Amino acid sequence: MPISSPNFADWFRAGLNEVRAGLSCRDVWIALANEDIGDQHRKSILGPLWLLLNYLAFAGAFVLIFHRNSGVDNFGAYVAVGLFVWQNLSDVVTRSVRLFVGEQSFIKGTTLPLSVYAFRLTMQTLIRASYSGLGCIGLLLFLGVSPNPGWLLACLGLLIIVLTIPAVAIVLATMGAFLPDVEFIVSNLMRLGIFVTPIFWYPAGNDSVRALLYHYNPFTYFLEIVRIPILGSGPVIHAFTITTTIMVLAWILAIFMIGRFRRAIVFVV
Amino acid sequence: MMTYLEAKDVSLIYRVAVPRFYVGLRDGQRARNERMRSGGVEALHNVSFRLEAGDRLGLVGHNGAGKTTLLKVLYGIYEPTGGEVVRNGRVDALFNINLGFRRNATGRRNIVLRGLINGWSPARIEARIDEIIAFSELGDFIDMPFGTYSQGMAARLAFSVATTLDPEILLMDEWIGAGDASFQKKASARIENLTKTAGIVVLASHNEKLIRRVCNKVLILSHGEVADYLPIAEWRPDDQPATGVGGRSAAG
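These protein sequence lines map, in sequence, to chains H and G. Every number in our numbering is 27 more than the matching position in the first sequence, counting from 1. Every number in our numbering is 4 more than the matching position in the second sequence, counting from 1.
Keep in mind that the hints were calculated from the coordinates and are not lab data. All values derive from a computational prediction rather than experimental measurement. Even for Gly, the Cβ is constructed at its ideal location relative to N, Cα and C. Be careful, since some hints might not be right.
Here are some chain H residues pointing at chain G (derived, C-beta under 7 angstroms) [unchecked claim]:
hint, residue
1, Asp54
2, Glu62
3, Asp66
4, Arg69
5, Thr137
6, Thr138
7, Leu206
8, Arg290
Beyond 12 angstroms from chain G on every Cβ pair, some chain H residues (computed) [stated by the list, open to error]:
hint, residue
9, Phe35
10, Ala36
11, Trp77
12, Val189
13, Leu216
14, Leu219
15, Phe222
16, Val236
Just chain G, same shape as in the assembly (with noise of 0.2 angstroms):
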């Protein structure tokens, strides 16, 4: 089957979830009666897109556009409000790499707990975890406890196990920096690697080059909707609505 990823009329209100009675009760009447009118705020209004098997998408706009909130819908962890999102093919994500370390356990274990995490089998993970220590670079310290390794050595081990994956649709917010320059230049390569082996990526940035170099399409989010979608050639990053100014212009 081929791998794609849809989103369709994706909408996301975030909306305070505590119940009415209670706001009354804690923050006073007053409280209780704004929260009733105001709605809540809508994150994401009407993304729609579909990426198909070779697509990569970029993902930009200003600080509060979006990207993020997009992503994790994308992902999973927000379900949408209105709308929905159809996966066609395994996602993994590269967003908060060092969540679910544990500082007592030691670094093999670690990659253990968090490929297990990421839903890997315990045969996929001991079949993986020689090549994710030789790129960590951790040598005899993989069998130390995590909390002993500098912050430099976290961060090798940290993105070994979150890129050593074969992802059909990989989402990624920023580029990952990890470790000192020689390593930074080997986590680049991978990430570019990555980014040519899986079948869609959907990557957030802010840094243009970036974005030219791996995506073939850039999706402009601009107060959470679709400001523009087009292909790489057509993009010119001066177009770009303003922050705060004329943010739903060109709708894609």
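Chain H extracted, bound-state conformation (with noise of 0.2 angstroms):
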């Protein structure tokens, strides 16, 4: 592959060798991002529990503070699956756009394909999604929300999740690696994204500010492939198509992008 002719073919099976292999080695960010959880909480009392109870905290006081004129029934429910899902996107987008910088040690050092990285950050979601997971549907019960048969519909959507974040991840780590702006960008962006996603407010009305960022918000949808469900609060076909979209066009865009990028990323990290 000549540097001269840049051919969108070739990047595409380039990306998709890249993908592949990253998946392959499996054991390695599996081992890796167990690791990585552990080290995190070594040495404190209640480890990894720290995870379920920052969660609960945050939870608690969202729904004790905003209940009042939520316009939402079982707002405490409504509040707990969007904070749940909310975290941990927002935990993926703000270390992703590190992800290689931060991993420089290890291209500069092995051959391990660099989709390795993306999909060790998915593993870690992972663990921690588990813990707040946990705390997350011990909340529901509390609040009298019953396992139904909407929750294998919820797992649905939790999978899309899972399955866009290495996507997402490999995206956001090439322009962060590039371009060390963006990382202020979107740290900035992801803080302001607690108040202007629908987590602990509804839109009353249609042509409120409130509407416009929740149907504009492409977070919007992946909380409600997730609360819709549980929650029972209607129809989701809508949220579905938008997330699988948005999963398919970050998973176009990734390939591209680490094929196109992933020989000059090793130079810039």
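Dock the two chains into a complex; use the hints.
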């Protein structure tokens, strides 16, 4: 592949190989992700249970402060599910931007495919989410939401989220490697995100600012594919269509970007 | 199939790959214009050689001549911007042997992690782990966190993991010093043994004696180009071009 003749088909093929090679190294990223989570909580008494407590504290505070005038049935459950998805998504987005820069010693010292780092991040998120997920389920049961067939659909929603994460991680990590300012833009946006995403509010009418934020914020739909099925609060086809489309587009973009930039990344991180 | 390692007109240009508009915004228009004029730094230029099973190549040259860069290209960390590298055989590399060790994990767990990073299967790690532990002389410390090790112990473990391989193609950057004098002796013996059992060895070093002992061919790099490529018997280190002047004299 000479550099002088950029060819989309070549980039795509190279990107696909990169992703496939990363998948076949799953022993590596599963082991590293487990170590990462262990390291973060080593020497603390509660260990990763802090993730659960952190989630419960957040959810509790939101419910107590905002439950009045929320206009939502079972506001507690609404917040519980929304916050669970949001915390993990925002975690992924903020970490992704620094992913390749943070792994520079590995990138410069091994021949592991770059996608390994994206899968490792996904795995870390899964482990973390399993703790806050326990809190979420506990909270739902406490608030009187009993398991029902809708939860299966919510699992499908979670699966779409998990499958989207590596693609988003690759895209953001590549951008962050070449354009260091992206890190600051993204971390600021994500701090705002908790307010402009429908986690503890619901759009009342159709022409309010809230309605605009609700409809044009892609995170909304990732929250809704889990939240609507659990709360049984309405049709969910629309949200599934949008999130599946985002997932597919993210993967196409990720494969192109990793195929196009994979050999330059070692020089910029 | 025969093991071989071939570099065909390998060139590598270090180019600051940040997009131009970004450089313009960040460092100003002048920086952007300079960037567009300069094509980047050429770290390797048309390097070619072919090594067959049994070949031991010594890479020599002054600091900055491109030895480490060439090793990284041969390993696959850098992809050449021109030409290609053909590897026929499993490649293992001995540089940066401390990479990936985790302070909080035990020595034993670190062996597993390092093995996985090297691309070993869990079964292969399982089969080797006792040998690695024995060679490292860590004894019961192997089940203590890596962070509690002295520098010498850490170096011994890193060395033991890194050298417990049966590579077909082995790439090494300098000789690795690890541990106290007695371990050094053991380590040298092991490296010598590795260089004997590997199909092909490429060793970058400033140590003439070592190169003479291990290698049968020498490739002299100067400013990223092959200044000379010759059998060890014909190598006269004094002929090496001096730093900075006469860089491209005798092309091999």
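- Query: Of the numbered hints stated previously, which ones are contradicted by the structure, given in increasing order?
  - Reply: none
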